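Visitor: Residue-level listing of the chains:
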Amino acid sequence: MNEIMRVLNDVMLTLLFLPEQASTFAMKVDLLHYFVVTVTMVASVGVGLLAVGLFFKYRETKPHASTVIVNPSGKFETVIIAVPLLFFLAWVWIGFKDYIWYTTPPKNSMDVYVTAKKWMWHFAYPDGPNANAVLHVPANRPVRLLMTSRDVIHSFFVPEFRVKQDVVPGRYTELWFEATKTGRYRLYCTEFCGTWHSQMVGEVVVLAPAEFDRWLAQQRQGLAGRVDSSGAGETAEGMRGDLVSYGRRVAVAQGCLKCHSVDGGPHIGPTWVDLFSRPTLLATGQTVVADEGYLTESMMDPYTKVVKGYAQVMPSFRGKLTAPEAAALVEYIKSLRTENLENLPAKEPVYGPVPK
Amino acid sequence: MAQSPSSTSAPASTMAMAPDAAPSLPEISFINADRGIKSWLFTLDHKRIALMYLVLTMLAFLLGGIFAMALRVEHLTPDKTIMGANTYNRMFTLHGVVMIFMFMIPAVPGIFGNFCLPLMLGAKDVAFPRLNLLSVYVYAVGAGLLLYAVAAGGVDAGWTFYAPYSLSTPSTLFPALLGIFVIGFSSILTGLNFIVTVHTMRAPGMTWMRMPLFVWAAYATSIIQVLATPVIGLTSLLVGIERVFGFGFFDPARGGDPIMFQHMFWFYSHPAVYIMVLPSMGVISELVTSVSRKNMFGYKMIAYSSLGITFVGFFAWGHHMFVTGQSALDNGAFAIISMLVGVFTAIKVFNWVMTMYRGSIAIRATLVYVCGFLFFLVFGGMTGIAVATVSLDVHWHDTYFVVAHFHFIMVGAVITAFFGAIHYWFPKMFGRMYHEGWAMVAAAFIVLGFNATFVPQFLLGNLGQPRRYYMYDDKFWALNVASTAGSTLLALGVLIIIIYLIYALKYGSIAGDNPWGAAGLEWKTSSPPPKHNFITPPICDEEPYTYQKKGEEVEHVVV
Amino acid sequence: MSDAAAAKGEHGHEHPWYLAHHFDSIDVQNYAVRLGMWLFLGTEVLLFAGLFLGYTVYRWLYPLAFQAASRELSLGMGTFNTVVLITSSFFVALGYHAIKENKLKKCVAWLALTIICAGIFLVVKYFEYAHKFHVGQLPGKHYTFEGIQSPGANMYFSVYFLATGLHAFHVIVGASILAWLMVRVHKGKYGPHYYVPVELGALYWHLVDLIWIFLFPLLYLI
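Chains as they are written, first to last, in numbering that gives the first Met the number 0: chain X, 0 to 355; chain C, 0 to 558; chain F, 0 to 221.
Incorrect hints may have been included.
In the DSS-like style, the derived pairs of lysine-lysine whose C-alpha atoms are separated by at most 27 Å in a straight line are [claimed, not checked]:
{"#": "1", "chain 1": "F", "residue 1": "Lys140", "chain 2": "X", "residue 2": "Lys319"}
{"#": "2", "chain 1": "F", "residue 1": "Lys104", "chain 2": "X", "residue 2": "Lys304"}
{"#": "3", "chain 1": "C", "residue 1": "Lys523", "chain 2": "C", "residue 2": "Lys505"}
{"#": "4", "chain 1": "X", "residue 1": "Lys117", "chain 2": "F", "residue 2": "Lys140"}
{"#": "5", "chain 1": "C", "residue 1": "Lys548", "chain 2": "X", "residue 2": "Lys180"}
{"#": "6", "chain 1": "C", "residue 1": "Lys523", "chain 2": "X", "residue 2": "Lys74"}
{"#": "7", "chain 1": "X", "residue 1": "Lys61", "chain 2": "C", "residue 2": "Lys523"}
{"#": "8", "chain 1": "C", "residue 1": "Lys530", "chain 2": "X", "residue 2": "Lys61"}
{"#": "9", "chain 1": "X", "residue 1": "Lys117", "chain 2": "C", "residue 2": "Lys474"}
{"#": "10", "chain 1": "C", "residue 1": "Lys474", "chain 2": "X", "residue 2": "Lys61"}
{"#": "11", "chain 1": "C", "residue 1": "Lys505", "chain 2": "X", "residue 2": "Lys56"}
Simulated from the structure, these hints should not be mistaken for laboratory data. Just so you know, these numbers come straight off a predicted model, no measurement behind them.
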């Protein structure tokens with residue numbers, strides 16, 4: 000960004016009271032913001048002044064005077080339709096392009112699970128640790144949040160990043176951002192959720208990449224035996240260690256392993272090894288990629304998308320699995336890759352290889 | 000600057016109707032044709048029903064306004080100022096519910112639609128006078144239920160009642176939902192009545208292309224009222240059933256889909272915005288032609304764009320849900336459809352402004368309201384375009400930016416049109432004039448006060464303050480104080496208006512039949528009009544908004 | 000619906016009792032009330048639209064549960080009720096035809112038959128409901144049926160009870176309107192010169208029938 004642009008940017012930020020731009024998306028979206036808001040102000044003040052100007056020019060000189068009849072030509076009407084339409088469509092086009100970019104997380108994103116409940120935020124890293132209210136992320140590295148709610152709809156909003164996403168009970172939504180500046184940023188809930196909606200705030204701490212790695216290593220030290228310091232109500236009980244080992248405990252406790260193997264062998268249900276991100280053929284003939292959404296859906300509504308060749312015997316775990324438990328299970332399944340499993344006999348893959 | 004009312008009215012009536020110089024009230028008008036409280040309570044006269052709506056909706060407006068002021072006072076400090084968190088949550092919910100369901104939606108159609116539509120068409124009454132009376136009582140019952148909900152503990156779900164929060168909140172939601180359901184019936188009855196009236200009750204010679212644009216706007220509004228309202232009725236009923244019987248329709252814990260609630264809710268509530276705005280646009284069409292004594296520039300474009308807004312308005316609801324996780328394709332489609340609403344609105348705005356071109360523009364309170372309306376509509380409308388631009392909405396969604404945007408449309412534009420309409424038709428309703436000087440002072444207070452209240456809220460939204468926040472961060476404090484300061488100006492303006500209008504009811508000078516020298520059939524009868532509107536049934540024999548004398552040589556200009 | 004009860008014109012000129020004073024002629028009034036009725040039918044369609052939307056969404060979310068649950072309905076009773084309602088629509092049309100031809104007694108008879116059909120419909124519906132209550136095929140949290148365990152079956156019965164319940168309410172309202180019309184026909188209020196109220200009542204009844212014709216295949220057949 001050259002010098003003039005930077006000064007202009009600062010002027011606009013100050014004039015519009017916008018918070019600083021601390022993510023890659025913020026930079027992108029603010030240009031359109033300036034464009035739209037400038038045109039809006041020019042147009043509204045222009046129309047207002049035009050009306051006042053016409054009043055001064057054509058003031059009433061004698062009461063109840065006759066006036067000439069003025070009608071628009073086709074050309075005039077075409078212009079007043081075409082000009083706004085062109086502006087509007089240009090904005091939608093730019094805005095939609097940015098939006099697609101904003102909803103497409105890069106492949107190398109770091110995942111964090113977010114659980115919202117009245118009136119707090121809970122963050123869980125796939126391989127530990129967990130935290131309440133404060134989310135640590137590295138700068139200049141894309142971070143993807145996989146979010147769900149345990150009670151009502153909440154919404155995750157960080158003004159400096161210009162990102163926001165509703166957090167809906169019963170389903171996962173995702174959001175990604177890449178912070179560009181280290182610092183501490185306020186996190187707000189923006190969907191009304193009850194008495195202390197306004198206190199459902201948190202903080203996003205952006206650390207320099209090296210510092211973040213150090214922080215993460217520190218957090219994980221001795222994590223396996225450590226009770227989560229967050230004390231997050233009922234989750235604190237089971238939530239020890241990293242998410243993967245938590246997920247394994249959940250799988251045992253819920254009886255998942257009675258039907259799903261974790262060594263690649265066939266069983267009553269599909270094996271979990273290499274299941275994640277694999278294109279899977281369904282009984283209906285469709286193919287789905289077994290991503291987080293599909294896995295969670297299969298736990299809650301197992302018959303919606305049944306894998307071809309398996310009977311409909313799995314019970315629904317809706318209401319039996321809490322959101323953190325489901326997240327932990329997904330992480331556990333993600334961790335089960337052939338290359339991670341030692342001394343496993345080579346087996347014919349049940350499904351085709353993962354096209355990456 | 001302020002003209003004395005009598006000097007405005009005297010030449011008008013001399014020219015329009017009577018040869019005698021001093022106008023007087025007609026001996027018998029709809030106001031005194033029948034006497035006694037019963038003759039009002041059981042009246043079938045659309046004008047009396049309009050006045051009943053005027054009283055009821057103004058009370059609702061004051062109630063909602065008191066809630067608003069309480070909210071603004073609460074925000075003077077970042078923490079608790081005068082009320083607790085639960086009270087605050089109930090207060091903003093009731094502010095929204097009262098203003099939208101008890102004031103905005105019934106007010107302009109109920110008051111000015113009822114009063115003017117049959118007069119403008121040259122009809123004796125609306126098509127179904129008894130349904131019309133019923134709609135008032137249904138409204139009163141619904142409003143009563145809402146007020147009962149307030150008294151019985153209040154409602155804290157926000158006027159949007161999003162599931163699953165609305166399913167689990169312990170506040171007294173059920174009577175409020177029932178109230179919305181019942182008020183919906185009143186809205187449907189009014190809309191149905193207007194559509195049939197426009198189709199069947201036009202005076203001889205009143206072709207579709209001769210109808211005043213207010214009638215076109217009311218007609219377009221009525222289509223929305225008839226087709227969209229049943230959906231909110233069902234939705235509020237389903238939430239009520241859910242709360243009482245646990246059917247699980249919107250409850251994710253039982254397999255329901257909370258996002259479907261939002262779809263059903265906005266399928267009504269987005270078009271409902273046009274129930275509020277379209278009649279206001281109709282009012283501005285009347286005001287701008289009357290104040291500049293001109294034919295309507297682009298009459299057909301304005302008439303058809305009302306129908307256009309009605310049509311595309313039904314398909315734009317998804318832009319309220321850009322951050323719910325709705326698919327990107329849906330978001331893009333809803334964004335483009337929302338842009339079309341903007342185009343139809345732009346057509347109206349340019350044609351209104353051009354109507355003033357080569358006019359003979361009088362300075363009156365109504366002119367101030369027209370200019371204020373134009374500014375609010377363009378600014379509010381274009382910020383609407385901005386929030387419908389998908390990527391920008393991500394930041395603004397559910398912040399004060401959105402609050403400021405819809406207040407610009409629903410308060411800025413609708414209130415200026417509403418007060419403009421009151422001032423414009425007040426002499427027709429009551430036969431007396433208010434004080435023009437005070438009216439202009441009040442109008443200035445309203446326009447300036449409104450800007451001072453809501454421009455800071457745009458900036459608050461940019462800064463990132465989420466809406467419905469009881470406590471807020473210190474960085475939002477200064478702008479909140481500015482907004483509260485502005486709101487006192489706005490409130491003062493409203494108070495001034497109420498005082499001088501009530502004064503004018505009794506002591507205002509006699510207005511005469513046509514104080515503005517305006518065109519349109521409603522000015523061709525006495526002020527106030529007789530019980531059946533016209534002594535002799537009128538015939539429409541001229542184009543709409545004819546401000547030239549009969550047989551006069553007229554210059555035609557095409558721009 | 001109609002403003003037929005207005006008596007003599009208040010301007011002094013005479014007109015029939017069924018012509019309201021603010022209409023110029025009976026043709027205009029008939030046009031107005033018919034248009035009003037059609038608009039009202041439009042609102043009814045939109046009222047049910049929300050439930051049809053719910054059906055679509057949940058059928059898409061829980062296809063197998065919906066398939067299994069719809070097998071639990073009594074196809075026999077549903078088909079019988081469909082035949083009853085379609086027949087009743089035929090009767091009400093015949094009643095409308097009769098009043099136009101000034102056959103008041105016949106009209107009363109046809110309307111009575113229509114109302115009897117409505118009664119039969121409701122009785123059959125009662126037995127269907129009673130069975131569902133008995134085995135616990137109930138909406139939302141009340142669902143206790145053991146036969147279908149898959150999630151979403153409770154949503155099927157939510158949609159089922161809401162849609163058929165709202166429809167049954169419309170059957171009751173429609174039958175009441177027809178009963179009121181029947182009494183007025185019997186009193187000789189209507190005839191070939193003025194039969195619009197019967198026409199509107201019949202229109203409403205056709206709508207009630209039509210909604211069932213959509214509900215039946217969606218809930219019972221597929």
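Visitor: Holds or violated: C/Lys474 and X/Lys61, Cα atoms, limit 27 Å.
Guide: violated (54 Å)
Visitor: For the pair we were handed, C/Lys530 and X/Lys61, check the Cα-Cα distance against 27 Å.
Guide: Measuring from Cα to Cα gives roughly 35 Å; hence the hint is violated.
Visitor: Straight-line Cα separation of F/Lys140 and X/Lys319 no greater than 27 Å?
Guide: Given pair F/Lys140, X/Lys319 holds - Cα atoms ~16 Å apart, limit 27 Å.
Visitor: F/Lys104 and X/Lys304: Cα distance at most 27 Å?
Guide: Judged against 27 Å, a Cα distance of about 61 Å means the pair is violated.
Visitor: Between C/Lys523 and C/Lys505, does the CA-CA distance stay at or below 27 Å?
Guide: Given pair C/Lys523, C/Lys505 holds - Cα atoms ~23 Å apart, limit 27 Å.
Visitor: Measure nothing beyond the straight line between the CA atoms of X/Lys117 and F/Lys140; if it is 27 Å or shorter, mark the hint as holding.
Guide: holds (23 Å)
Visitor: Hint check: C/Lys523 vs X/Lys74, CA-CA at most 27 Å. Holds or violated?
Guide: violated (36 Å)
Visitor: With the threshold set at 27 Å, check whether the alpha-carbon distance from X/Lys117 to C/Lys474 stays at or below it.
Guide: holds (24 Å)
Visitor: Would you check the hint for X/Lys61 and C/Lys523, treating anything up to 27 Å between C-alpha atoms as holding?
Guide: holds (22 Å)
Visitor: Take a quick look at whether C/Lys548 and X/Lys180 sit within 27 Å of each other, Cα to Cα.
Guide: Not satisfied, since the Cα-Cα distance of roughly 71 Å exceeds 27 Å.
Visitor: Keeping to a limit of 27 Å between CA atoms, is the pair of C/Lys505 and X/Lys56 held or broken?
Guide: violated (37 Å)
Of the numbered hints stated above, those contradicted by the structure are hints 2, 5, 6, 8, 10, 11, listed in ascending order.
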